[in-house]
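Based on these hints, arrange chain D on the given structure of chain C.
2 protein chains.
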Amino acid sequence: MKIIEGGVTSAKGYQATGLHAGIRKGKSKKDMALIYSEVPAVFAGTFTRNKVKAAPVKWGKKIVKEQQTVQAIVVNSGVANACTGEEGMNNCEKMAEMTAKELGIKKEEVLVCSTGVIGNQLPMELIEAGITLLVPALKSDRESAIMASEAIMTTDTHKKECAVTIEVGGKTVTIGGMCKGSGMIHPNMGTMLAFITTDVAITKEMLQKALYEDVQDTYNMVSVDGDTSTNDTAYVLANGLAGNVLIDTENEDYHIFVKALHEVNTYLAKQIAQDGEGATKLLEVFVENAVTKEDAKVLSKAVACSSLTKTALYGKDANWGRIFCAMGYSGAEFNPDTTDITIKSEFGQLQLVKNGISTGYDEEEATKILSAEHVICIADVKEGKASAVAWGCDLTHEYVSINADYRS
Amino acid sequence: MKIIEGGVTSAKGYQATGLHAGIRKGKSKKDMALIYSEVPAVFAGTFTRNKVKAAPVKWGKKIVKEQQTVQAIVVNSGVANACTGEEGMNNCEKMAEMTAKELGIKKEEVLVCSTGVIGNQLPMELIEAGITLLVPALKSDRESAIMASEAIMTTDTHKKECAVTIEVGGKTVTIGGMCKGSGMIHPNMGTMLAFITTDVAITKEMLQKALYEDVQDTYNMVSVDGDTSTNDTAYVLANGLAGNVLIDTENEDYHIFVKALHEVNTYLAKQIAQDGEGATKLLEVFVENAVTKEDAKVLSKAVACSSLTKTALYGKDANWGRIFCAMGYSGAEFNPDTTDITIKSEFGQLQLVKNGISTGYDEEEATKILSAEHVICIADVKEGKASAVAWGCDLTHEYVSINADYRS
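From first to last, the protein sequence lines are chains C and D.
Residues 1121 to 1528 (our numbering) make up the first sequence, in order.
Residues 1121 to 1528 (our numbering) make up the second sequence, in order.
If you are wondering where the hints come from, they were derived from the structure by calculation, not from laboratory data.
Treat each hint with caution, since some may be false.
If you want the ones that stay clear, here's a sample from chain C, every Cβ over 12 angstroms from chain D, calculated [as the list claims (entries may be wrong)]:
hint, residue
1, HIS1140
2, LYS1226
3, ASP1337
4, THR1386
5, VAL1520
Pairs of lysine-lysine, BS3-like flavour, derived with a Cα cap of 27 angstroms [unchecked claim]:
hint, chain 1, residue 1, chain 2, residue 2
6, D, LYS1390, D, LYS1505
7, D, LYS1132, D, LYS1171
8, C, LYS1145, D, LYS1436
9, D, LYS1185, C, LYS1181
10, D, LYS1221, C, LYS1171
11, D, LYS1488, C, LYS1145
12, D, LYS1185, C, LYS1474
13, C, LYS1502, D, LYS1178
14, C, LYS1505, D, LYS1171
15, D, LYS1149, C, LYS1171
16, D, LYS1182, D, LYS1221
17, C, LYS1214, D, LYS1474
18, D, LYS1474, C, LYS1171
19, C, LYS1436, D, LYS1149
20, C, LYS1464, C, LYS1436
21, C, LYS1488, C, LYS1505
22, C, LYS1227, C, LYS1181
23, D, LYS1171, C, LYS1474
24, C, LYS1182, C, LYS1149
25, D, LYS1145, C, LYS1436
26, C, LYS1505, C, LYS1390
27, C, LYS1474, D, LYS1181
28, C, LYS1171, C, LYS1147
29, D, LYS1132, D, LYS1436
30, C, LYS1474, D, LYS1178
31, D, LYS1185, D, LYS1132
32, D, LYS1329, D, LYS1182
33, D, LYS1182, C, LYS1149
34, D, LYS1505, C, LYS1171
35, C, LYS1178, D, LYS1185
36, C, LYS1488, D, LYS1181
37, D, LYS1185, D, LYS1379
Backbone N, C-alpha and C define an ideal beta-carbon position, used for all residues, glycine too.
So here's chain C without its partners, still in its complex pose:
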């Protein structure tokens, strides 16, 4: 597997662009993006499990169910088009329709995503004007992918992209992706959008399986507690232009593809955690030797989600009691009396807890380790063989500032 500089235009046959349509305040803020596959692409999608679903999520679920292929994804930031009733649903469909018209395809071949403030209607004149500018601007170069990745940002401080190439049956397959999302305290409320484009030849069914399974171990582990926002969506488009033998079963080619897809998704998921609103640190929480994989996931997520763990991390305070406490209320099975906790970073490694009680470690050394920008916490529960990793960030003064003033 080769990691290359790239994004949604890296795979063969994809074009993209992004621009400022005026939905977000501030001319420098791009707020519309378009991804286009030159040929029909099979596709897969996973969506929020929130009972309150944004209009584009409802549209996407319908398209995933009814369509074999699509050719475009149109995205706006600034307004989420959630809790907007029938008018919101009509606006979403119009957005697909306008894009389809400009591209000369059917509206059912256009996926739609929105992210931003909940409850407001889309400014349809700006959206329409934006679409007429997006389509002629489509290009397959690197710069256009960057513009698209910038246009989907909201409180993100930087774009999030990556791409890899792999060999599948002698053919070079490329997978490129971009995402947006700022890991939050309750990140289930922060919209996460991920778009992956690949030229692999694969059936829609196998693509859906690959995406669905990998999302559980990647985006869903970004300090999420199992639920998601009103708009969360991940799409993968696969247009087959790599020319490999069609992947239609769980064969070796499938596993090669899944492994590469996992790399892309993991990279993007960690980027989301690292760029948490106001965050100064990335936290990786490994839970090892749990009885079941599900226990390991629940335990690691609980720690990565804990506001007290997050604030302690911000304060470089090795307050492991908070880690223990989060594991304790997570609901997962584990024995506190056999649990070890270790922290690790570029500045060293230190065991804080052995069999449920303090090792009497040096606080200064712990503080030094926690002062790194990337901190790893390992909880070894020593009961079974299952492990999991969750990603989070610290909780800072800046987080409060961002979210107290989000709409102003």
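For chain D alone, coordinates are given in the frame of chain C:
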């Protein structure tokens, strides 16, 4: 029912005191309290559901199970005596033993509570010295109750006490209480201790029933998500000195008592929310007309717990999408399309959402309402007849400061 100025010494036959034993840094910070009933009292306790249980919780559960009566509760703040292994359990038992010895009672008649940092062992020399000073200082006056209520504080900014009197079968019964706890983002991690003393004559069984049921609607609704910290405990002592006919069934007297107990617990629970770490506002979330009581509780708690709702409240931002989103991911049943949301305070009342979409309300008016120190949010889901209320507070810069530096 009459609300009186008072606390744990208001009911007949109770003494208390509090002092600085040196466990917490700063001479002005009291850190040990003692409550004493002059005659044996039946008692009831409810405890944390966290898998990680502090030593005093384990001790309390044993005593509740095995003993008919107790006479004292000894409390320390500063060190939680949680995750302290066998040594911690021995220290807890020693704390009961020392107190019993000074009071001339059995150690099984002494309940113990600790609150503070997890993972450290109790400084037993200070604890012992503290106990020898506490016992001779016991008094039944108002001042002594206040000293006790101050000694159980950690990050609390003020003491939390109240008392009521009721007539039960022609006799005056008094219920007094104090508690500590700072409502938090994930308040299940902030230790909540509540101590209620009453002179009512009641059986242990009926007292336990009364406490257990009322805790579900009071302390457990302080922006808790069903779980609790390693140390959370609520105790009620009832010594029978009011001389009423013993309450031994769910008769009229029982219901009079339960109603009064509910008043005391509700008052204390709201005090906890209002004094949330760094909080500037109390938030009351009413969910009305849900299908089941459990749905109403889950929905109201989800809103009161939501970090994004809390930060929006801090910013006086009527970002109702976050309220909706929290309800959506709560897991409870409700129909977004029939839900109304209204906010209310001393500065007015305003409907933000009707049947799932914005009413087009005036943002300035909303901001004015949200600028009050006590804000009420009402979500009417219009599907059934069940309702519930949860209490929370805003999430502020100060919260982050407190928790980043908690141990330093």
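Hints, verified against the model:
For HIS1140/C, the shortest C-beta to C-beta distance to chain D comes to about 23 angstroms, beyond the 12 angstroms cut-off, and the non-interface label holds. Distance check on LYS1226/C: its Cβ is at least 29 angstroms (rounded) from any Cβ of chain D, clearing the 12 angstroms threshold; non-interface status holds. The beta carbon of ASP1337/C sits about 20 angstroms from the closest Cβ of chain D, which is more than 12 angstroms, so the claim that it is off the interface holds. Residue placement check: THR1386/C keeps its beta carbon more than 12 angstroms from all beta carbons of chain D (closest about 24 angstroms).
The non-interface label for VAL1520/C is inconsistent with chain D: the shortest C-beta to C-beta separation is roughly 5 angstroms, within 12 angstroms. As the CA atoms of LYS1390/D and LYS1505/D are separated by approximately 24 angstroms, the hinted pair is consistent with the 27 angstroms bound. This hinted pair does not check out: LYS1132/D and LYS1171/D have alpha carbons roughly 37 angstroms apart, beyond 27 angstroms. Taking the CA atoms of LYS1145/C and LYS1436/D, the gap is about 21 angstroms. The hint holds against a cut of 27 angstroms.
Restraint check: the Cα-Cα separation between LYS1185/D and LYS1181/C comes to about 54 angstroms, which exceeds 27 angstroms; the hinted pair is violated. For the hint linking LYS1221/D to LYS1171/C, the alpha-carbon distance of about 58 angstroms lies beyond 27 angstroms, and the restraint is violated. Between the alpha carbons of LYS1488/D and LYS1145/C the distance comes to roughly 24 angstroms, so the proposed pair stays at or under 27 angstroms and holds. A C-alpha spacing of about 31 angstroms is found between LYS1185/D and LYS1474/C, which places the hinted pair above 27 angstroms, so the restraint is violated.
A threshold of 27 angstroms between alpha carbons decides the hint, and for LYS1502/C with LYS1178/D the separation of about 23 angstroms falls inside it, so the pair holds. Between the alpha carbons of LYS1505/C and LYS1171/D the distance comes to roughly 21 angstroms, so the proposed pair stays at or under 27 angstroms and holds. Between LYS1149/D and LYS1171/C, the direct Cα distance comes to roughly 47 angstroms. Violation of the 27 angstroms bound is thereby established for this hinted pair. With a C-alpha separation of about 20 angstroms, the suggested pairing of LYS1182/D with LYS1221/D holds against the 27 angstroms cut-off.
Taken as a hint, the LYS1214/C and LYS1474/D pair is honoured in the structure, with Cα atoms around 25 angstroms apart against an allowance of 27 angstroms. The straight-line distance between the Cα atoms of LYS1474/D and LYS1171/C is roughly 17 angstroms, inside the 27 angstroms bound, and the hint therefore holds. With a C-alpha separation of about 25 angstroms, the suggested pairing of LYS1436/C with LYS1149/D holds against the 27 angstroms cut-off. Restraint check: the Cα-Cα separation between LYS1464/C and LYS1436/C comes to about 13 angstroms, which is no more than 27 angstroms; the hinted pair holds.
Taking the CA atoms of LYS1488/C and LYS1505/C, the gap is near 31 angstroms; set against the 27 angstroms cutoff, the hint is violated. Of the supplied pair hints, the one linking LYS1227/C and LYS1181/C holds, its CA atoms being roughly 14 angstroms apart against a limit of 27 angstroms. Using a Cα cut-off of 27 angstroms, the hinted pair LYS1171/D and LYS1474/C holds, with the two alpha carbons roughly 17 angstroms apart. Note on LYS1182/C and LYS1149/C: the hinted pairing is violated, with a Cα-Cα distance of about 31 angstroms set against a maximum of 27 angstroms.
As the CA atoms of LYS1145/D and LYS1436/C are separated by approximately 21 angstroms, the hinted pair is consistent with the 27 angstroms bound. The hinted pair formed by LYS1505/C and LYS1390/C meets the criterion: a straight-line CA distance of about 24 angstroms does not exceed 27 angstroms. For the hint linking LYS1474/C to LYS1181/D, the alpha-carbon distance of about 26 angstroms falls within 27 angstroms, and the restraint holds. Of the supplied pair hints, the one linking LYS1171/C and LYS1147/C is violated, its CA atoms being roughly 34 angstroms apart against a limit of 27 angstroms.
Restraint check: the Cα-Cα separation between LYS1132/D and LYS1436/D comes to about 46 angstroms, which exceeds 27 angstroms; the hinted pair is violated. About 21 angstroms separates the Cα atoms of LYS1474/C and LYS1178/D, which keeps this hinted pair within 27 angstroms; it holds. With a C-alpha separation of about 26 angstroms, the suggested pairing of LYS1185/D with LYS1132/D holds against the 27 angstroms cut-off. In summary, the hint linking LYS1329/D to LYS1182/D is supported, as the alpha carbons are separated by about 18 angstroms, within the 27 angstroms threshold.
Taken as a hint, the LYS1182/D and LYS1149/C pair is broken in the structure, with Cα atoms around 62 angstroms apart against an allowance of 27 angstroms. In summary, the hint linking LYS1505/D to LYS1171/C is supported, as the alpha carbons are separated by about 21 angstroms, within the 27 angstroms threshold. Between LYS1178/C and LYS1185/D the alpha-carbon distance is near 53 angstroms, which puts this suggested pair outside the 27 angstroms criterion. Only pairs whose Cα atoms come within 27 angstroms are accepted, and LYS1488/C paired with LYS1181/D is rejected, the gap being roughly 40 angstroms.
This hinted pair checks out: LYS1185/D and LYS1379/D have alpha carbons roughly 26 angstroms apart, not beyond 27 angstroms.
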